[in-house]
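Top to bottom, those sequences are chains H and V.
73 is the number of the first residue of the first sequence in this note's numbering; add one for each residue after it.
-4 is the number of the first residue of the second sequence in this note's numbering; add one for each residue after it.
Warning: the hint list may mix true and false statements.
[Stated by the list, open to error] Okay, the calculated bits of chain H under chain V, using three or more residues with CB under 8 Å as the criterion: (1) 89 to 99; (2) 174 to 187.
[Unchecked claim] To give an idea of the chain V side of the interface with chain H (calculated C-beta under 7 Å), a few residues: (3) Leu38; (4) Leu40; (5) Gly48; (6) Tyr59; (7) Phe85; (8) Asn96; (9) Glu97; (10) Gln98; (11) Pro102; (12) Gly103.
Since the hints were made in silico from the structure, they are not lab data.
All of these numbers come straight from a predicted model, not from anything done at the bench.
We treat Cβ as the ideally placed atom computed from N, Cα and C, and that holds for glycine.
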Amino acid sequence: QKEVEQNSGPLSVPEGAIASLNCTYSDRGSQSFFWYRQYSGKSPELIMSIYSNGDKEDGRFTAQLNKASQYVSLLIRDSQPSDSATYLCAVFPHPLNNAGNMLTFGGGTRLMVKP
Amino acid sequence: NAGVTQTPKFQVLKTGQSMTLQCAQDMNHNSMYWYRQDPGMGLRLIYYSASEGTTDKGEVPNGYNVSRLNKREFSLRLESAAPSQTSVYFCAVQPGGSSYNEQFFGPGTRLTVL
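Chain H on its own, in the form it takes in the complex:
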């Protein structure tokens, strides 16, 4: 079982809709959670970080964390065609399981926003 799981998609939503991206992780002691956006042929770009249970909003993006259920999600409101990209979930495991301060990445979900 992979440590960080994402549905590979593609997730297709119409322009203006809410896109919901989900991620589950296996290390219950994980402390930090990140969402990266990656356009085709480009490098991952950090768009959201979340460290405590609940919601964190930044513009059209909302990250949601539920440590008890071991999932983190990203909501994109008013989706635009320019949001079409692959979204990578990354988790920082518990330090006892992470001697090198390494992030563990999911495989990514491809989002397509159709005009």
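With chain H held as given, fit chain V onto it using these hints.
Just chain V now, kept in the frame of chain H:
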């Protein structure tokens, strides 16, 4: 790309050739990382360096070597390239002293081994 540069941007090698991928940062961060990204496999850590002069293996280190000669630069070397090393390689940095563990990526090197 958050002050991280990578050279070259593209490279084609023949099986058995060697090459070094270069990564440099201008932010004085302690930690640097090398990842490879393959379709369907996500990002996988090859090697990392927590500080100048130290390096450690990640998830997929076989066939690679690294060097962190100074705080600014972290290089990845393929001694004898194989077709299985065809991939996109990303260097990343993590701010020293940060308790939040964000990593920031360079633009990547696209490598093809024939």
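Q.
Quick check on glycine 48 (chain V) please, does its C-beta sit within 7 Å of some C-beta on chain H?
A. Violated - the Cβ of glycine 48 (chain V) stays beyond 7 Å from chain H, reaching only about 15 Å at its closest.
Please check whether glutamine 98 (chain V) passes as an interface residue: C-beta within 7 Å of a C-beta belonging to chain H. Where the cut-off is 7 Å and the nearest Cβ of chain H is about 6 Å from glutamine 98 (chain V), the hint holds.
* To do: Using Cβ atoms only, decide whether tyrosine 59 (chain V) comes closer than 7 Å to chain H, and label the hint accordingly.
  => violated (16 Å)
Practice task
Three residues minimum, CB to CB under 8 Å: does the region 89 to 99 of chain H make the cut for coverage by chain V? Let me know.
Solution key: With 0 residues closer than 8 Å to chain V, the region 89 to 99 of chain H misses the three-residue bar; violated.
Holds or violated: the hint that asparagine 96 (chain V) contacts chain H, with Cβ atoms closer than 7 Å.
Check passed: Cβ of asparagine 96 (chain V) comes within 4 Å of chain H, closer than 7 Å.
Interface restraint verdict for leucine 38 (chain V) against chain H (beta-carbon cut-off 7 Å) = holds (4 Å)
Hint validity - proline 102 (chain V) Cβ closer than 7 Å to any chain H Cβ
With Cβ-Cβ at 5 Å, under 7 Å, it holds.
| task | Mind checking the CB of glutamate 97 (chain V) against every CB in chain H and telling me if the closest is under 7 Å? | result | Holds - the Cβ of glutamate 97 (chain V) comes within 7 Å of chain H, reaching about 6 Å at its closest.
- Task: Grab the minimum C-beta distance from glycine 103 (chain V) to chain H and call the hint holds if it beats 7 Å, violated otherwise.
- Result: holds (5 Å)
- Within the region 174 to 187 of chain H, is the number of residues with a Cβ closer than 8 Å to a Cβ of chain V three or more? holds (count 6)
Query raised in the report: Taking 7 Å as the limit, does the beta-carbon of phenylalanine 85 (chain V) come near enough to a beta-carbon in chain H?
Result: Holds, because the Cβ-Cβ distance from phenylalanine 85 (chain V) to chain H comes to roughly 6 Å (cut-off 7 Å).
Hold the hint about leucine 40 (chain V) up to the distance rule: shortest CB distance to chain H must be less than 7 Å. holds (6 Å)
When the structure is compared with the earlier hints, violations turn up for hints 1, 5 and 6 and for no others.
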